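2 protein chains.
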Amino acid sequence: MNLSINDFKYTYPSERLLMGPGPSNVAPRVLQAMANPCIGHLDPQFLAIMDETQQLLRFLFQTKNPLTIPVSGTGSAGMETCLVNMIEPGDEAVICVNGVFGVRMTEIVQRIGGKLLRVDGEWGRAMDPDLVRRAIKGKQPKMLAVVHGETSTGAFSDLAEFASIARECGAIYVVDMVTTLGGMNVPIDDLNIDVAYSGTQKCISCPPGLSPISFGPKAMEALDKRKTPVVSWYLDMGMVKSYWGNERKYHHTAPINMTYGFREALRIIAEEGLQTRFERHLKHHRALVAGLETMGLSMLVPEKERLPMLNAIKIPEGVDDLQVRRALLNGFGIEIGAGLGPLAGKIWRVGLMGHTSTMRSVLLFLTALETVLKSQGFKARPGAIEAATAV
Amino acid sequence: MNLSINDFKYTYPSERLLMGPGPSNVAPRVLQAMANPCIGHLDPQFLAIMDETQQLLRFLFQTKNPLTIPVSGTGSAGMETCLVNMIEPGDEAVICVNGVFGVRMTEIVQRIGGKLLRVDGEWGRAMDPDLVRRAIKGKQPKMLAVVHGETSTGAFSDLAEFASIARECGAIYVVDMVTTLGGMNVPIDDLNIDVAYSGTQKCISCPPGLSPISFGPKAMEALDKRKTPVVSWYLDMGMVKSYWGNERKYHHTAPINMTYGFREALRIIAEEGLQTRFERHLKHHRALVAGLETMGLSMLVPEKERLPMLNAIKIPEGVDDLQVRRALLNGFGIEIGAGLGPLAGKIWRVGLMGHTSTMRSVLLFLTALETVLKSQGFKARPGAIEAATAV
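From first to last, the protein sequence lines are chains A and B. Taken in order, the first sequence gives residues 1 to 391; the numbers are from my numbering. Taken in order, the second sequence gives residues 1 to 391; the numbers are from my numbering.
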């Protein structure tokens, strides 16, 4: 334990173009906001910043829910928060699984002693509502959970369909919006969503570290009526709500500077406007796909089920997955994502999220990918840039 | 949901002197580090930054433990991490309680189905080892947990004493170092501590958002031998260790920019040197106490049990707690802490943690407090500044 620790050569992060499944690129305004002086978690100034953050977050979720806050952990902490607060041991939970993040929900439900009803859909496709209808026939589950945009496959599901199913069977409707919030229209009040959670590092373009959640009236009622304490003290919304609400009762020290950054990222969204932002995501997604298909590549997900912010591209035969990703990162500073689980080695996941969703990103990526694929012997057809810019 | 959200008047944080129970003031270097570009959580550059962070953290904990990492949540998440990973339903856990944070541990143990053996000590005093010896006589608890420095009272306990007790009964020895790590000597390998956790926002002087933990061989063995899954997916160290270890297996997206700030705060500590840093904390604590006692104020905790970084001052008779704290904050930009639980209204908690522990803080605080107390009719005796500077 001597002081040679000071002899380290320290690593500094490069300016990557973040086109993986998140984090996305963070605007300088957000980074600068995080560098504001740290103040106390009960300082009246911080309490005002909390209120402003909640108002902006309600705007983004399009909700009136009082309990609309960033949880003090990354997206998976948000997932865990929603499940541990809604499910007591023995409660039946229907989990729709069409990718890695649905699987993750089933693992959490099992750990906390919930009675799991797992409905498996096809990976790379929207979740089929009829599968769920058949599986729950005659049952009255406590909760029905679906992943809006499966980050592992690039497909999105129809939230209105699952809202109907949840209403029919009386279940609390929980939606994972980690990838979609800020990039697709998810008006949670209009969609009758009872519980929603997301992450900051995807279409909100704030560094990872917080997880926005919103609990509606039905969720609050379930929270009040619990017979057992929430198994997690840290994520117990019955207590955390008193810190974010009018009581201002200390629970745990909030991540102060992350909250500054998050508020700034939400301000950028409010300034752009939701509709404009969603259209921007869609436009650049279409441009990317037009370019890729012109080159001769194909997408994993059928057109109508494709997420605009996460594009799953089939890796062409004979092309080395890892070599391509390394060449993009080392030669061009572009990060893209690998496939997960059964899709490992079969797809690339290319994000166009939040601040990253620009025509500049699309054109640079298409150009770099074409160059790298050529070096791998893949004959890309000409005209990708023209096709992309014509969208 | 219209765009009037852009008409907000936004609040910006002032440059406070943070002399509460944490967060402490953050050095500009740390804030600037957090504003570095966000990169991916599997980027080779970030993996290098993770390794450097772990090496620096091992230096601070004075340990060789491989699993020495920042957990992706604030200090209470670190507490929960240690308890949920070590305790399975039915396992007996001895929790020493001499303040709010001991109570918090008992709550977590009960939520996760542990068999709680609570030993109550006196609030405002070191935990008495004999109380624990008597309580566990003839028992073989799975775990023994003690809070090194009780942030709620300003007292610290003798870690070597509890190490002997844990060894005698074969228990896993867990220590809360939220307040002390970085400000007092806590060489966890030498002290035979199996599990330690802390926060970033106290003597490490990084904004809140991460919780440094270290698991020793006995803890790793307990983790391997578990019969039930860890109830928290997010905090399951059996999985998180594969991301921080050589496998680099994705678990959850790490808080990237918080990690930059944390690494920079650890570098500052390494540059200063541990011994110098501990002496600095002690010196300014002594200066503060000399000034306060000269003024005619008195401390809650007996001299030998006082934390150097958190000073519990008895509120003099006839002085209004809230008015004094408000006057310090609004008139001088100084934040101090209120009493918690049974000590609410009876003490002020004045922190001299990390970057805040300077003679400048001591002198400004004494001067401001004297001014405010005079306006409350309290007759401070003269000579506080002279007494402080003479230390």
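Check the hints yourself; a few may be wrong.
[Claimed, not checked] Which bits of chain A does chain B cover? Going by a derived footprint, with three or more residues having C-beta under 8 Å, they are:
{"#": "1", "segment": "22-34"}
{"#": "2", "segment": "65-76"}
{"#": "3", "segment": "142-154"}
[Stated by the list, open to error] Below 27 Å or equal to it, Euclidean Cα-Cα: the simulated BS3-like pairs (lysine-lysine) are:
{"#": "4", "chain 1": "A", "residue 1": "LYS225", "chain 2": "B", "residue 2": "LYS64"}
{"#": "5", "chain 1": "A", "residue 1": "LYS115", "chain 2": "A", "residue 2": "LYS225"}
{"#": "6", "chain 1": "B", "residue 1": "LYS379", "chain 2": "A", "residue 2": "LYS249"}
{"#": "7", "chain 1": "A", "residue 1": "LYS9", "chain 2": "B", "residue 2": "LYS241"}
{"#": "8", "chain 1": "B", "residue 1": "LYS283", "chain 2": "A", "residue 2": "LYS9"}
[Said to hold, decoys possible] Selected chain B positions facing chain A (Cβ under 10 Å, derived; list incomplete):
{"#": "9", "residue": "TYR10"}
{"#": "10", "residue": "LEU18"}
{"#": "11", "residue": "VAL30"}
Source of the hints: derived by calculation from the structure; they are not laboratory data. No experiment lies behind these values; they were computed from the predicted model shown. Backbone N, C-alpha and C fix where the C-beta goes; we use that ideal spot for every residue, glycine too.
Hints, one by one, checked against the model:
no., hint, in the structure
1, 22-34, "holds (count 7)"
2, 65-76, "holds (count 5)"
3, 142-154, "violated (count 0)"
4, A:LYS225 x B:LYS64, "violated, 47 Å"
5, A:LYS115 x A:LYS225, "holds, 19 Å"
6, B:LYS379 x A:LYS249, "violated, 33 Å"
7, A:LYS9 x B:LYS241, "holds, 24 Å"
8, B:LYS283 x A:LYS9, "violated, 33 Å"
9, TYR10, "holds, 6 Å"
10, LEU18, "holds, 6 Å"
11, VAL30, "holds, 9 Å"
Violated hints, listed in ascending order, are 3, 4, 6, 8; each of the other numbered hints is respected by the structure.
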